[in-house]
Structure formats: structure tokens, C-alpha cells
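Novice: With the hints as constraints, model all of the structure from the sequences given.
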Amino acid sequence: MKKLIILAIAIITLPVMMRAQNSIAEARAMAVGTVVTVKGIVTNGSELGIIRYFQDNTAGIAAYGSLVSSVALGDSVTITGTLKIYNQLLELDPLSDVTIRSSGNPVPAPIVLGIPQIGEEYEGMLVKVENVTFTDAGTIFTGNKKYEFTANGQSGYIYVKTSQTDIVGQPVPSGLVSIVAECSQFHYSNPNDGYQLLPRTISDIQLSGSIYLTSVLNNSSFTKTSLDFDWSTNIAGSTEMFYGTTETTVTANHIAGTGGSATHNLSLSGLSAGQVVWTQAFSVSGTDTAFSGVMPFATISNSTGDIKVYFNTAVDHSYSNGVDAITLPNTLDDTLINYINRAKYSIDFTMYNFNNQGISNVSTALKAAANRGVTVRVIGCGTTANLGIDELTGSAVHVLIGPSSSNRTGIMHNKFLLFDTESADPNDPIVWTGSTNLTDDQVNLDANNVIIVQDQSLARAYKIEFEEMWGSSTPTPNASLSRFGFTKRNNTPHQFRINNKKVECYFSPTDGVNGHIVETINTTNNDLSIATMLITRNEMANAIADQKNDGDDVNVITNAEGNNGATVNTILQGALGTHNTYDNVSNGILHHKYMIVDQGAAASDPIVWTGSHNWSAAADNDNDENTLVVHDATIANIYYQNFVKRFVDNNGVLTELTEPPTAVNDSATTPMDVIVTVNVLANDIQQAPVTVSIETQPTNGSAFIPFSNPNAISYQPNSGYKGNDEFTYRIAYTASPDLFATAKIYVKVGSPDGLDEIAGLYRLVVYPNPASNSVFNLSFSAPKAGTGSMQLFDLTGKLMVEQAFNMVGGENTIGFTYRGELRGAYLLRISTPEGAYHQRLLFE
Numbered sequence: 001m002k003k004l005i006i007l008a009i010a011i012i013t014l015p016v017m018m019r020a021q022n023s024i025a026e027a028r029a030m031a032v033g034t035v036v037t038v039k040g041i042v043t044n045g046s047e048l049g050i051i052r053y054f055q056d057n058t059a060g061i062a063a064y065g066s067l068v069s070s071v072a073l074g075d076s077v078t079i080t081g082t083l084k085i086y087n088q089l090l091e092l093d094p095l096s097d098v099t100i101r102s103s104g105n106p107v108p109a110p111i112v113l114g115i116p117q118i119g120e121e122y123e124g125m126l127v128k129v130e131n132v133t134f135t136d137a138g139t140i141f142t143g144n145k146k147y148e149f150t151a152n153g154q155s156g157y158i159y160v161k162t163s164q165t166d167i168v169g170q171p172v173p174s175g176l177v178s179i180v181a182e183c184s185q186f187h188y189s190n191p192n193d194g195y196q197l198l199p200r201t202i203s204d205i206q207l208s209g210s211i212y213l214t215s216v217l218n219n220s221s222f223t224k225t226s227l228d229f230d231w232s233t234n235i236a237g238s239t240e241m242f243y244g245t246t247e248t249t250v251t252a253n254h255i256a257g258t259g260g261s262a263t264h265n266l267s268l269s270g271l272s273a274g275q276v277v278w279t280q281a282f283s284v285s286g287t288d289t290a291f292s293g294v295m296p297f298a299t300i301s302n303s304t305g306d307i308k309v310y311f312n313t314a315v316d317h318s319y320s321n322g323v324d325a326i327t328l329p330n331t332l333d334d335t336l337i338n339y340i341n342r343a344k345y346s347i348d349f350t351m352y353n354f355n356n357q358g359i360s361n362v363s364t365a366l367k368a369a370a371n372r373g374v375t376v377r378v379i380g381c382g383t384t385a386n387l388g389i390d391e392l393t394g395s396a397v398h399v400l401i402g403p404s405s406s407n408r409t410g411i412m413h414n415k416f417l418l419f420d421t422e423s424a425d426p427n428d429p430i431v432w433t434g435s436t437n438l439t440d441d442q443v444n445l446d447a448n449n450v451i452i453v454q455d456q457s458l459a460r461a462y463k464i465e466f467e468e469m470w471g472s473s474t475p476t477p478n479a480s481l482s483r484f485g486f487t488k489r490n491n492t493p494h495q496f497r498i499n500n501k502k503v504e505c506y507f508s509p510t511d512g513v514n515g516h517i518v519e520t521i522n523t524t525n526n527d528l529s530i531a532t533m534l535i536t537r538n539e540m541a542n543a544i545a546d547q548k549n550d551g552d553d554v555n556v557i558t559n560a561e562g563n564n565g566a567t568v569n570t571i572l573q574g575a576l577g578t579h580n581t582y583d584n585v586s587n588g589i590l591h592h593k594y595m596i597v598d599q600g601a602a603a604s605d606p607i608v609w610t611g612s613h614n615w616s617a618a619a620d621n622d623n624d625e626n627t628l629v630v631h632d633a634t635i636a637n638i639y640y641q642n643f644v645k646r647f648v649d650n651n652g653v654l655t656e657l658t659e660p661p662t663a664v665n666d667s668a669t670t671p672m673d674v675i676v677t678v679n680v681l682a683n684d685i686q687q688a689p690v691t692v693s694i695e696t697q698p699t700n701g702s703a704f705i706p707f708s709n710p711n712a713i714s715y716q717p718n719s720g721y722k723g724n725d726e727f728t729y730r731i732a733y734t735a736s737p738d739l740f741a742t743a744k745i746y747v748k749v750g751s752p753d754g755l756d757e758i759a760g761l762y763r764l765v766v767y768p769n770p771a772s773n774s775v776f777n778l779s780f781s782a783p784k785a786g787t788g789s790m791q792l793f794d795l796t797g798k799l800m801v802e803q804a805f806n807m808v809g810g811e812n813t814i815g816f817t818y819r820g821e822l823r824g825a826y827l828l829r830i831s832t833p834e835g836a837y838h839q840r841l842l843f844e
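Going by the numbering used here, 301 is the number at position 301 of the sequence shown; the sequence numbering is gapless.
It should be emphasised that the hints constitute simulated quantities derived from the structure, not laboratory data. Using N, Cα and C, we set each Cβ at its ideal position, and we do this for glycine too. One thing to keep in mind: the hints can contain errors.
Simulated pairs of lysine-lysine, PhoX-like, Cα-Cα distance not exceeding 20 Å [what the hints assert, rightly or not]:
#	residue 1	residue 2
1	Lys722	Lys748
2	Lys367	Lys308
3	Lys308	Lys501
4	Lys367	Lys344
5	Lys501	Lys224
6	Lys502	Lys308
Pair by pair, the computed Cβ-Cβ distance ranges are [claimed, not checked]:
#	residue 1	residue 2	range
7	Asp228	Asn302	15 to 21 Å
8	Thr99	Gly260	56 to 62 Å
9	Asn341	Ser473	24 to 30 Å
10	Thr263	Ala603	46 to 52 Å
11	Asn769	Asn302	57 to 63 Å
12	Ser318	Asn253	52 to 58 Å
13	Gly809	Val765	15 to 21 Å
14	Asn444	Ile85	53 to 59 Å
15	Asn361	Asn302	31 to 37 Å
Specialist: Here it is in C-alpha cells:
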């Protein structure tokens, strides 16, 4: 029996013993999908999330999954998992077993590498690069962002995660540093690209000098002729600055302050209005010098600062605080062409998607501008078709197409235009931006916004970004020097004062825009309204939920549930409930990327955030994007008028519902055997979308809700019936069905000749039907003078036009003209004090 037991144990344990333990180098050489068992010392903790890098004396590798969430730095582990390639990083995922053999072990010393050695050989291992400088020195570390470092003409990248709270918010060091980090990789498609270093804590970024900056260079105030700065250092030092009119001439001028302290203040005066000034602050202590990055700042311009906002979808003026929002359906293209036609000297044009089919021909306008002597420079995206740019071939317009998808990650997603940036007249420069691409759907169907700013300082900031992609400051592009995506630098002014409004401007992927989105959300003190195509980042959803939990009014609409991250939807739905909705009712795509903060609290710094930047990792890390932030109560309210209309139309609940809606009785008249439809919500009062249902059926006919309009009820009298009938309907809030009201509809069924369709109104004829050119007539005989009204509804129940009319005793002919284009079927309602008449009216 003892032998049998031993044999059974051997059989049971045989599969485990057969899975031989490999060195990490051996495991890395095996095929993807192979299950391996390896052991090593862990070189990071929870700061990078649920991934652990570990290594033995042969190589390193990453293990990903919840099984390693409790594994700590210095643990000796044995891990069994499946080899997997995740965005070119070889890792173990899923994991089937994790054993902590011991803890508190010495972590392997980092391997010192030159920048060219950062690659596959050292992937998964702890490494160190020495004596490098950060390209974005002097800015602030933000989360989920790459930062370039250089040495001897070579460059590499670190990546900082949002969860690394001891790094995020710290200044990007100036001067020489050494970096200890995990050697990792992230690239969507190229197995030989995307190598990056992942520092674990701020102590992995090691400063070399005795004095260093402990804050970023801050532009504390500015006027038309001066810029005031402050910064701080770890120890006392001098207070000095280089400055110039270009990045390459930054050392042309020098100014020194009092110095001798760890806090530093300096003022540049005698500057010009609307000027971009490049600066580099520094502090000297003994033989060491701490430098800030070379950064541009802008004085206030002499421009008007006029800001115009246009939407291509409906707005709700009942929420206006005095300045009504402007909607330009089907005419944003014509508006842009008007600006192009007025350009005097220059046009700088960037557009992700540009196709003239279905819109007015923007290419023709650009060519005409070039032919009259305007310098026109156009940048298009190399990852998408741009038929509008193709139409510029052979013209005087200068064109640069960005890298193709095989030569970059991300897309050139900008949609901004600059007019007359360097004009001697400060009232000429204009920035046009927003969410709108130049295509048929984007102009005529999808929900978009355009914001236009007349300011020279802002235009010059955008010009820096344009010319970084252009690769040149001349009319001719230089593709060899152009920068797109993560190769660009944080090299534009970000703070402006425009017509006494604070304005911010950011570009992606250099400026940590997702971090600024979260920061802006967190400034909410009263109300937050967001209309954006998508949200994929959990940190954004958590920040939104936090505002609701703090008691602020928060409403969010995104294009579709499937566009968002699954966790984002869970967070928002759980926190907001009916105040979170999707654009499932309105036509087209909700393509906005805007946020409105505290528009209902003028004293709390109302903000509008808009531009081309989708709320995603790709926009933050890979795409070329632009963002504009305006601090102004009027602009915030203008955007809110658009937000309310789209949000409510798509079943969003704007305010908390505590009282039921109000249903008001309706009446209708119809000839025998003829169906009549009543738009029951026309006179009802509701604060949010409602669901219409039939409470009781009529006695002498049947009532039903037409498929084409869920907000209407149709009545069909029984065959041959003549007389009065009635039935009851209910309206209930869609978000709160227990809040409801009921009302009656009274129907008078008349003679088949229609003489008593409306009491006292005879021989009523609508002609022509079908109508053309949006013109039709009413002809009828009335026994006495009086008044009436004409209403025209589309088949969704939307009121298109309402017009009162006077009638005389006797024969009447009244003409109606709709100032707009009508096509298809509509419902005509003619009302007098005695009743109403309904008829289907066609327009061709």
C-alpha cells in the first residue's frame, strides 16, 4: 500500500515537474503562446500598476496581471505564465502561478547604457543612462506622457504614468541628469521601435549639480510691454535670465535681479505688444548653475480680442444670459470661405480631413487667395484621404502632407487656420479652430463648433506650432526638419490675456493635455457640462464623478456608449445616472470636444474648453491636436445654449426631477373615416424628455402612437362614425416614470365633405400640394372676421414654423412662405378659437 501511495503522488506531480524552469533569456527566445516558468528579482513595485519587471543574471521580462499586485520591489519570485506580445513588449500574461520565494533582497544594479543601446537586448531589465538632458526642461511632469532626453545628438524617451504621483507635478529638470528606469517598449505596429524607459519614482531621475530648480519658470503677470517671472531653487543663488526674440537668439540679452535667495523674481520691461519672447532663467551658486528650460511667453497684444463662436446644430436661446448663441446650419464652409477671401497677407491651414464634395469649394478659395498674392501654406494628414488638398496640386498654394501611418503613430488631427499673423495692423490676425473638419458630414450633419479669435499673440503661438510641423518659417516646407507627433516639443506660449479674458492654449502630444483636462474638471465649484465625442480615460471619469459627489451639477453627453471605455461608462453611469447620456437620438455624430465649467456661477471663473483633442490616450500621446481654453462667463453661456439643446434632445436630464410634468387637454377635428394626428406635447409643460402613452382608448375609434413620431398620437374614427369622441393619454418623464401626468384629447368627427372640420370654416383647401419653393396657400370661406394660426411640423413633431393670420367674413386666400428649404412630408395644423384642422403637406 505504501508503494501504491508513492506511485500515485508521483503520477499527480509529474505534469508540474515536466514544466521545466527556464532562465529568462531562454524563455524570451521561445515562441509567443508558450507557457514558461521563470524566476528572478523584482525591480519595481506598484508605482507602474499591475505589472512587475523582474530579472535573473541572463535577462529581464515583465509579468502582468492581478496575481502580481502584491509583489514588492526586491521580492524573489517564481512565475508561470504565457508569453505574449503587448504593443511589442514581451511579457507574461496571463499568469497561472506566482510564488514569492523571499523578500527584501538587494535589487540588481542598473546596467549603464548609452542611448543607442536602449533596445531589445535589455528589455525588461533595470538600466541607467547618464549625463542626458530633457528636451522639455522647465515644464511640469504630467501623467501618461513621453518626455524626450538627449545626449551627443542622440535621443530617447521616458514615459511617466498618471499613477506616479511623486513624479507628476514636479518640474522637468534642467541640466545634466542620470535616469534609472525599467527598459520597456510600446509601439502599435513596429517591433523594432517604441523603446522607452520607465522611471519608478522621482529618485530615479538623479540631478548632477548642487543647485537646481524646484519649480517651473512661472510667468506671474504680463502687460503689453512687460513680463514678470518667478522661480525657486533648492538653495540660494543668483537671479538671472537670458531672453531673445527667437529660440536660437535666446542668449542675445541678459538681465540680473537681486539674487542671494532661493526664491527669485524678475521683470522684463520695454517689450512690444503682441510679442513672443524666448527666455531662460538661471541661478548660480558657486561653480554650479541651475537653468530653466528655454520657454516662450507672450505679451498682451493691441488686437481687439473679439471672440466669435458658431455651431452647426440647434441651440436653446431660453438659456441665454443676454448674448444668444449663433447656429449656422450648412454654412460653416461658406463662413470660412469669407475669411479666406478677406485674408491680406498669409493663410496657414491645417486640416485632418478635407473634401469639398457636398460643401462649398474651399480649395478654390485658397487658390484664389494665393493667386492674389496671399502666402498660403497647407498641412494635411498623411494617414487619411484629403481630396480637397489634391485639388490644390499645380496651384500657387504650398502644401505639406504629414507622415503616413507606416511612418508615425497617431494622426495629424488639427483643424486650425491662421490669417495674417504677422500683419502690421494688430486687428488683422485671426485664429480659427474648433472641432470641425471640412467634409460634407462634418459641416452639414455632425455636431461641431468653431471658435474664432482676433488676437496677434495667440496667432503667433499657433504659428510656432504650425512651423514646427512645416519644418520651416518660409513659404516652402522642409519635410526633413518637420516634427509631428511625439517628436514635437513643448515650445509655445500657453497663457494669454485677450480682451481682458484669460485664455490658455495647448498642443498635443507635447503639452500633457489630458492632465490639463483633469485639472480643469477639478476647478468646478458649481456646475460642469461636457459634450465630447468620447472619453476613454478612467482618470477623467473619476474626476467627473468626484464633482458630482461634491454636490456640483454635472451633465455629460458623449457620442455613443461604445466609443467610451467600458470602465468610463460604469463610473459615469454610477455617479451621474440620468445626467449621463449618449447622442442616440439626434442625427449625425456628436463630434464636439468641449467642456463648460461653472457657467451658472459668474463669480467662479467660468471656463470653456474646446478644440480638436479627443479625450483619449491617442490624442494625448500620439496625435497632433490643439486645445483652446477661454475663461469668460459670456462664452461659457454661449456654449451652454448649444449643450442644453443637444443634451435634452438626447434624453439627458438637466436638473433633478421632483415634480411631474403638466399635461394639457387637446382637441382635434377630422372628417369621417379620416385619421387625425395630434402633437400632444405642443402645449404640455415638461422639464425633461417624456414618454407618451395612451391611457384609455376612445369609445368610437382607436388611438395609436405613429411610428414616425413617438411624441404624437393619431386617432382613427370607426367606419361611418360621426360625432364627438375622447380618450386619455399619459406623459411620464423617461428618466423618472413615476413622475407623470394625464390629459384628454377631444375629437370631433365631421361630415365626409369636411364642411365642419373647423366650426364655421367652409371649403378649406390647401394648395398646391405637393408645394414647391416652400410656398403654399389656404383658401376657405369664413362666416365672420377673426384670427387663426398656422403651424407646420416635421414628422418627428418638431415645430418648423408658426404664423398667425387674420380672416375676413367671406372668401379668404392666405399665402405662406417658409424662409428656408423644406423637402418631404410635413404635418400642417390650422387653428381657430373653434378648433383645429390637420393635413399632411408635401414639399418638393
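Novice: Does each hint hold? Answer for all of them.
Specialist: Quick rundown of the hints versus the structure:
no.: 1; hint: Lys722 / Lys748; verdict: holds, 8 Å
no.: 2; hint: Lys367 / Lys308; verdict: violated, 26 Å
no.: 3; hint: Lys308 / Lys501; verdict: holds, 14 Å
no.: 4; hint: Lys367 / Lys344; verdict: holds, 14 Å
no.: 5; hint: Lys501 / Lys224; verdict: holds, 14 Å
no.: 6; hint: Lys502 / Lys308; verdict: holds, 16 Å
no.: 7; hint: Asp228 / Asn302: 15 to 21 Å; verdict: holds, 20 Å
no.: 8; hint: Thr99 / Gly260: 56 to 62 Å; verdict: holds, 58 Å
no.: 9; hint: Asn341 / Ser473: 24 to 30 Å; verdict: holds, 25 Å
no.: 10; hint: Thr263 / Ala603: 46 to 52 Å; verdict: violated, 31 Å
no.: 11; hint: Asn769 / Asn302: 57 to 63 Å; verdict: holds, 60 Å
no.: 12; hint: Ser318 / Asn253: 52 to 58 Å; verdict: holds, 55 Å
no.: 13; hint: Gly809 / Val765: 15 to 21 Å; verdict: holds, 18 Å
no.: 14; hint: Asn444 / Ile85: 53 to 59 Å; verdict: violated, 43 Å
no.: 15; hint: Asn361 / Asn302: 31 to 37 Å; verdict: holds, 35 Å
In this structure, the hints that do not hold are numbers 2, 10 and 14, in rising order.
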